[in-house]
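Q: Sequence:
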Amino acid sequence: MSGLPVRLNGLDGPELDERGGKAGKRFMQGLVLHKPVQCELTGAKTYDRLVGTCYFNGVDIAQIAVSEGHARDCPRYSRGRYKKFETSASKRIPRKSYCR
658 MSGLPVRLNG
668 LDGPELDERG
678 GKAGKRFMQG
688 LVLHKPVQCE
698 LTGAKTYDRL
708 VGTCYFNGVD
718 IAQIAVSEGH
728 ARDCPRYSRG
738 RYKKFETSAS
748 KRIPRKSYCR
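The numbering of the sequence shown is our numbering, which starts it at 658 and goes up by one.
Don't read these hints as lab results, they were simulated from the structure. All values derive from a computational prediction rather than experimental measurement. Ideal Cβ placement from N, Cα and C applies to all residues, glycine included. Among the hints, erroneous ones may be present.
Said to hold, decoys possible - Using C-beta positions, here's what the derived DEER-type ranges look like:
#: 1; residue 1: K702; residue 2: E672; range: 14 to 22 Å
#: 2; residue 1: S754; residue 2: R706; range: 14 to 22 Å
#: 3; residue 1: G715; residue 2: R676; range: 29 to 37 Å
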């Protein structure tokens with residue numbers, strides 16, 4: 658399904674009005690906008706978006722965002738899957754309370 662909004666499971670990124678939010682959006686758009694991605698949906702839905710793990714060229718998009726410093730691991734939902742990819746830049750992003 659083209660254009661389907663998906664919330665990346667286990668990813669904690671800044672909102673648009675927070676420091677780094679607009680840069681994170683630009684990064685993600687440059688990475689995947691108008692490009693083929695594959696998603697494994699969980700069946701959950703939050704904020705009118707389906708939740709899932711998505712891949713670009715076989716690599717987990719959330720992993721890419723964390724390793725590039727635009728997001729962090731959300732252990733409540735990822736079970737720590739992205740923690741090892743956190744960088745000094747990603748660790749400066751305040752973790753949302755619902756991720757703890």
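Q: All the hints need checking, so say for each whether the structure fits it.
A: Hint by hint, here is what the structure shows:
| no. | hint | verdict |
| --- | --- | --- |
| 1 | K702 x E672: 14 to 22 Å | 19 Å, holds |
| 2 | S754 x R706: 14 to 22 Å | 20 Å, holds |
| 3 | G715 x R676: 29 to 37 Å | 31 Å, holds |
Consistency with the previously given hints is maintained throughout, with no hint failing.
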